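So the chains spell out like this:
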Amino acid sequence: MNKYTFVIKRLLTAIPTFLGITVLVYILASLTPSSPLEILFNDPYATAEEMARKSKELGLDQPVIIQYFHWLTQLLLGNMGTSIRTNLPVLMMISQRVLPTLILTGSAMLITIVISLPLGIMAAYKPYTKWDYVSSGLSFVGSAMPNFFAGLVLIYLFCIELRIFPTSGMYDTSGARTLPMFLHHLVLPSFVLAIQMIGSLIRQCRGSMLEVLQDDYVRTARAKGLREKDVLIRHALRNAWIPLVSWFSTQLPFLIGGAVVTEQIFGWPGLGSLMVQSINARDYPVIMGVSVLIAVFVLIGNLLVDLLYGMLDPRITYE
Amino acid sequence: MFEKNEKVDIPVDSYFSDVCQRFSQHKPAMIGLLVLITEIFLVVFLPILMNLDQSTTDYDVLFGSSPSGKHILGTDDIGRDIFARFIYGGRVSLSVGILSAIISMLVGVPLGLIAGYYRGFWETVIMRSADTFMSFPAMILIMVLVSVLGPSVITIILVIGLLGWPRFARLIYGNVLSASSMDYVEAARAIGTKNGSILLKYILPNTFAPVLIAFTFRAAQAIITESALSFLGMGVQAPQASWGNILYDAQSISVLSQRPWLWVPPGIALVITVLSINFIGDGVRDALDTKMVI
Numbered sequence: 087m088n089k090y091t092f093v094i095k096r097l098l099t100a101i102p103t104f105l106g107i108t109v110l111v112y113i114l115a116s117l118t119p120s121s122p123l124e125i126l127f128n129d130p131y132a133t134a135e136e137m138a139r140k141s142k143e144l145g146l147d148q149p150v151i152i153q154y155f156h157w158l159t160q161l162l163l164g165n166m167g168t169s170i171r172t173n174l175p176v177l178m179m180i181s182q183r184v185l186p187t188l189i190l191t192g193s194a195m196l197i198t199i200v201i202s203l204p205l206g207i208m209a210a211y212k213p214y215t216k217w218d219y220v221s222s223g224l225s226f227v228g229s230a231m232p233n234f235f236a237g238l239v240l241i242y243l244f245c246i247e248l249r250i251f252p253t254s255g256m257y258d259t260s261g262a263r264t265l266p267m268f269l270h271h272l273v274l275p276s277f278v279l280a281i282q283m284i285g286s287l288i289r290q291c292r293g294s295m296l297e298v299l300q301d302d303y304v305r306t307a308r309a310k311g312l313r314e315k316d317v318l319i320r321h322a323l324r325n326a327w328i329p330l331v332s333w334f335s336t337q338l339p340f341l342i343g344g345a346v347v348t349e350q351i352f353g354w355p356g357l358g359s360l361m362v363q364s365i366n367a368r369d370y371p372v373i374m375g376v377s378v379l380i381a382v383f384v385l386i387g388n389l390l391v392d393l394l395y396g397m398l399d400p401r402i403t404y405e
Numbered sequence: 002m003f004e005k006n007e008k009v010d011i012p013v014d015s016y017f018s019d020v021c022q023r024f025s026q027h028k029p030a031m032i033g034l035l036v037l038i039t040e041i042f043l044v045v046f047l048p049i050l051m052n053l054d055q056s057t058t059d060y061d062v063l064f065g066s067s068p069s070g071k072h073i074l075g076t077d078d079i080g081r082d083i084f085a086r087f088i089y090g091g092r093v094s095l096s097v098g099i100l101s102a103i104i105s106m107l108v109g110v111p112l113g114l115i116a117g118y119y120r121g122f123w124e125t126v127i128m129r130s131a132d133t134f135m136s137f138p139a140m141i142l143i144m145v146l147v148s149v150l151g152p153s154v155i156t157i158i159l160v161i162g163l164l165g166w167p168r169f170a171r172l173i174y175g176n177v178l179s180a181s182s183m184d185y186v187e188a189a190r191a192i193g194t195k196n197g198s199i200l201l202k203y204i205l206p207n208t209f210a211p212v213l214i215a216f217t218f219r220a221a222q223a224i225i226t227e228s229a230l231s232f233l234g235m236g237v238q239a240p241q242a243s244w245g246n247i248l249y250d251a252q253s254i255s256v257l258s259q260r261p262w263l264w265v266p267p268g269i270a271l272v273i274t275v276l277s278i279n280f281i282g283d284g285v286r287d288a289l290d291t292k293m294v295i
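Chains A and B supply the protein sequences, listed in that same order.
Residues in the first sequence are numbered from 87 upward in steps of one, following the working numbering.
Residues in the second sequence are numbered from 2 upward in steps of one, following the working numbering.
Because the hints were derived from the structure by calculation, they are not lab data.
Computed from a predicted structure; not experimentally measured.
Just so it is clear, CB atoms sit at the ideal spot from N, CA and C, and this is done for glycine as well.
Take these hints with a grain of salt, some might be off.
[As the list claims (entries may be wrong)] One-sided and incomplete, this derived list gives chain B residues near chain A with beta-carbon spacing under 10 Å:
#, residue
1, D132
2, F137
3, V212
4, A221
5, I254
6, G268
7, L271
8, T274
9, I278
10, N279
[As the list claims (entries may be wrong)] Rough simulated footprint, nothing fancy, chain B against chain A, three-plus residues with beta-carbon under 8 Å:
#, stretch
11, 210-221
12, 230-243
13, 343-355
14, 383-396
Work out the full structure, taking the sequences as your base and the hints as a guide.
Given below as structure tokens:
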């Protein structure tokens, strides 16, 4: 099976999960006073009679399953309804928020990898030494640190005491939008989002390297007289990748959950803070839209992870 | 030659005492256990001993006052004693952690048993839904559900607990699959033991170790989730205190910079609690000698 048929097959198997999540979102919306279809077609200016006529048009007297499929078709056609809070199309509101969230989560992942891999590798390379204790300690504290508390501490240190970083937003209020300014605003939120993942990846990396370092080919590589750096990176790490990549796919939902809190602390205009605002305003069209979109993101992320497996380890065939 | 009732002295170390022995030698785990027990004692008895009141305004001191003899951690913006709120908040955090982990376990373990033992239709339904739940950010589901159902400590415990089942189900499912192919299960089946008793007597005990470890990590996760929810203002609502909603007040720059005694204690307490639980989980894992990673 070549790569392309694999992608197609994998996309097909993602469909049941996607449908499952839409059912979940639909059920959630059904718990609210109005039905999901009404939420989708809400019209703040409608009178009671208009509402009654509309609910007939929408088929609210029909069985739930038919209502669900009606709702789903609308969703797939790109109709996510109109926001109750802002009266703007949900699709438009969401599309403005996608990029900031992707940048925030992406850079948090990058920071995690850059910090955790070296620490995890060193801890496994010299187990039960100072290196190991320092990085294990870091990993324990990192995973026990709720990101909102880390956020408060860092804001206190870097924004209030040292005045190095701005407290919120993507740009300052001057109106200018430059890349350095953007990066300056990105540092703290992405680091805060990374903290818990750093803790978890250090531990994962240490465990998976420890196992690999006992293997025969590592001894062979050393016997050949390779430099330790090459043994570690080209031979050991190459084989320790697989569990690390699956770690990534299990982290994806946590990454997005963490982004909700982090965006809220730092006033980062992404999907997470949109979600918080919408929940507080009971703006269900937006809540449903963001939920469905996040489901799509997670599924795409998992697909990419599956493709990565094949790139990292040629022995894995796409089946 | 031998007396009939002669006793032979063979040192018998039961599996259980062996495990306890190993656990007690795990230093971080013992410290974690000690810290956690102390915390439980403090949040249970301090409110009675010190006559703490989390919700009444003290008009005799300034609102938002600094720590004093009367109010160890000062008062908040509407004159409530912060130390009392801190201790009562601990009650909430600890009970959310423990109770919701119990609920997750009570839902997830039977589902995993059913999926792994009966296979077929229920296996597909249960394990597919577990996949679906685990691929979606739980934080978002919890936020929406709690806001729809109305935020109270009970709803939060129920929602976090009920949404935590997939990890237990998956864990048990895997264990049941491997245990089902064991000879002793085959033997039990051969002598006509009923499915129900095979599950309860032969398979369930084998899943004890991984479930215990998963339980600790689940409790830690639940504590973080509740506090994050309350921090966003969507969880436990005033006048009831929780470590998360005390930190909610620290989102203003003036509190953050001028009144660290308000937000530092609950934050540190959260870190210490979660750390202790994780250490205990680690100790249990080492003591039971399983290679499981959560």
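Here is how each hint holds up against the structure:
1. D132: 6 Å, holds
2. F137: 5 Å, holds
3. V212: Status violated, d = 19 Å.
4. A221: Holds. Min distance 7 Å.
5. I254: 7 Å, holds
6. G268: 4 Å, holds
7. L271: 6 Å, holds
8. T274: 8 Å, holds
9. I278: 8 Å, holds
10. N279: 6 Å, holds
11. 210-221: Check failed, 0 qualifying residues.
12. 230-243: The restraint on the stretch 230-243 of chain A holds, since 10 of its residues have a Cβ under 8 Å from chain B and three suffice.
13. 343-355: holds (count 6)
14. 383-396: holds (count 3)
In this structure, the earlier hints numbered 3, 11 are contradicted, and the remaining ones agree with it.
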